[in-house]
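Undergrad: For reference, the chains in residue letters:
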Amino acid sequence: MNGRILAATTGRILRQLRHDRRTVALLVVVPSVLLTLVYFMYVDQPAPPGAPGTFDRVALIMLGFFPFIIMFLVTSIAMLRERTTGTLERLLTTPLGKLDLLFGYGIAFGLAGVLQSTVASIVAYRVFGLETAGSAWLVVLIAGVNAVLAVALGLFCSAFARTEFQAVQFMPVVVAPQLLLCGLFVPRDQMAGWLQAVSDALPLSYAVEALQEVGAHAEPTGTMWRDVAIVAGAAVAALVLAAATLRRRSG
Amino acid sequence: MDDAVSVRELVVDRGGRRVLHGITCGVPRGTVTGLLGPSGSGKTTLMRAVVGVQTVGSGAVDVLGRPAGSADLRRRVGYLTQAPSVYADLTVRENARYFAVLQGRGRAEADRAVNDVGLASAADQLVGTLSGGQRSRASLACALVGEPELVVLDEPTVGQDPVLRADLWARFHAMAANGTTLLVSSHVMDEAARCDRLLLIREGRLVADDTPAAVRAATGTDDLEEAFLRLIRDAEGEAR
Numbered sequence: 001m002n003g004r005i006l007a008a009t010t011g012r013i014l015r016q017l018r019h020d021r022r023t024v025a026l027l028v029v030v031p032s033v034l035l036t037l038v039y040f041m042y043v044d045q046p047a048p049p050g051a052p053g054t055f056d057r058v059a060l061i062m063l064g065f066f067p068f069i070i071m072f073l074v075t076s077i078a079m080l081r082e083r084t085t086g087t088l089e090r091l092l093t094t095p096l097g098k099l100d101l102l103f104g105y106g107i108a109f110g111l112a113g114v115l116q117s118t119v120a121s122i123v124a125y126r127v128f129g130l131e132t133a134g135s136a137w138l139v140v141l142i143a144g145v146n147a148v149l150a151v152a153l154g155l156f157c158s159a160f161a162r163t164e165f166q167a168v169q170f171m172p173v174v175v176a177p178q179l180l181l182c183g184l185f186v187p188r189d190q191m192a193g194w195l196q197a198v199s200d201a202l203p204l205s206y207a208v209e210a211l212q213e214v215g216a217h218a219e220p221t222g223t224m225w226r227d228v229a230i231v232a233g234a235a236v237a238a239l240v241l242a243a244a245t246l247r248r249r250s251g
Numbered sequence: 001m002d003d004a005v006s007v008r009e010l011v012v013d014r015g016g017r018r019v020l021h022g023i024t025c026g027v028p029r030g031t032v033t034g035l036l037g038p039s040g041s042g043k044t045t046l047m048r049a050v051v052g053v054q055t056v057g058s059g060a061v062d063v064l065g066r067p068a069g070s071a072d073l074r075r076r077v078g079y080l081t082q083a084p085s086v087y088a089d090l091t092v093r094e095n096a097r098y099f100a101v102l103q104g105r106g107r108a109e110a111d112r113a114v115n116d117v118g119l120a121s122a123a124d125q126l127v128g129t130l131s132g133g134q135r136s137r138a139s140l141a142c143a144l145v146g147e148p149e150l151v152v153l154d155e156p157t158v159g160q161d162p163v164l165r166a167d168l169w170a171r172f173h174a175m176a177a178n179g180t181t182l183l184v185s186s187h188v189m190d191e192a193a194r195c196d197r198l199l200l201i202r203e204g205r206l207v208a209d210d211t212p213a214a215v216r217a218a219t220g221t222d223d224l225e226e227a228f229l230r231l232i233r234d235a236e237g238e239a240r
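Chains A and B, in that order, give the protein sequences. Residue numbering for the first sequence follows UniProt numbering, beginning at 1 and increasing consecutively. Residue numbering for the second sequence follows UniProt numbering, beginning at 1 and increasing consecutively.
One thing to keep in mind: the hints can contain errors.
If we take Cβ atoms under 8 Å as the criterion, some of the chain B residues that face chain A in the derived model are [unchecked claim]:
hint, residue
1, G69
2, Y79
3, L102
Derived by calculation from the structure, the hints in this document are not laboratory data. Fair warning: this is a prediction, and the values are worked out from it, not measured in the lab. Every residue gets a Cβ at the ideal spot worked out from N, C-alpha and C, and that includes glycine.
Could you put together the complete structure from these sequences and hints?
TA: Right, dumping it as structure tokens:
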């Protein structure tokens, strides 16, 4: 890797995003709109005594979902564009290293994910009175790591898509099982053994557990840090796998 | 003088079909060498092999004394793909500056490359809003920004108006005069006359490798288009 090239690549990707104002607006506004929906869905639902309110429980996890879903899609399409427009082939004829490109995407869209979750968190805490025992900054940190994981998975999956239609189909394949099994709909310890095993293998489960730790404990817990490390490790592993899919020579 | 590019017995298959059937040719340093042939003749495949992005079946391609695709050649070779490969959602200047950094150059070189392809007045326009000809010049600026020793240009003048085409060819010759080697493909025969040397390929085989004057002399016609027709007929006559 080369620092100047990595910085230039990150800047280039952010500049592309900045020129696309509508995407930036959707990125920032849509999570807040969805949080509003969730708020009014649950506002009158009674919570079991001693447990956090349903909105608090659901909104906290949604703050981690938004960047995961959106950054996966944005990255898949962006990387597919690099392949179909020939810019990827051109980049690979230059001194740019594969990891410069992949980490550039990770940093750029990771920052976009942090921006998105910061705005969504401000709305959740200030407007809808979300309450967590731990700090809101930890929520944003976890959402940011989640965004990087989504970027890494998107970079990897885009290698298996020839068209935009295919790329979009990877969303239900990669994202939906993680959403279903992460513990939001059915607590993980109440799932059948084999489902739990699958859930244990999916990185989003750890991100959700980390968010629940922030919801329940005033200080960051060891479990939370371990979970964040697992998610970050999965992101790095996916980036390395993605690097293996980039070939300087092709047929 | 040694060749900047030397290709020996190059065989390439793409999609189960043989595209290049054992091509042997050279590109002398400091020249503008034209790679001519009809669409589908294998020009792009040969150029990709020179740049080192093409998987080759057999044979060898040496570029600037190193096997094509070697890591240290990435700073020394500039490649313009046939379809403009620049970012449509960046301005011309932003594209040029990005590719300049990749080649270890700065903003001044990027701005100069944009001026050199005649895009100074459109420098702050998004590439997506440019005409086809302007877009391919934006792509050309990004190929030239690193001042590479070897420049491989796949149909750089398609869609350009005649004045700009003349300007671009003048620039190519100025670069060659400074020691740069250029390999330029075209399917328009009137551009062949502007080259120092010609490589004519047809259906993946080399039909001619000579200067325009020698091609004219050998075929007994001043019209290069006619000369190529005669060469092709002769080659096919021999094959029968």
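Undergrad: All hints are to be evaluated individually against the structure, with a verdict given for each.
TA: Evaluation of the provided hints:
{"no.": "1", "hint": "G69", "result": "7 Å, holds"}
{"no.": "2", "hint": "Y79", "result": "5 Å, holds"}
{"no.": "3", "hint": "L102", "result": "4 Å, holds"}
Taken one by one, the earlier hints all hold for this structure without exception.
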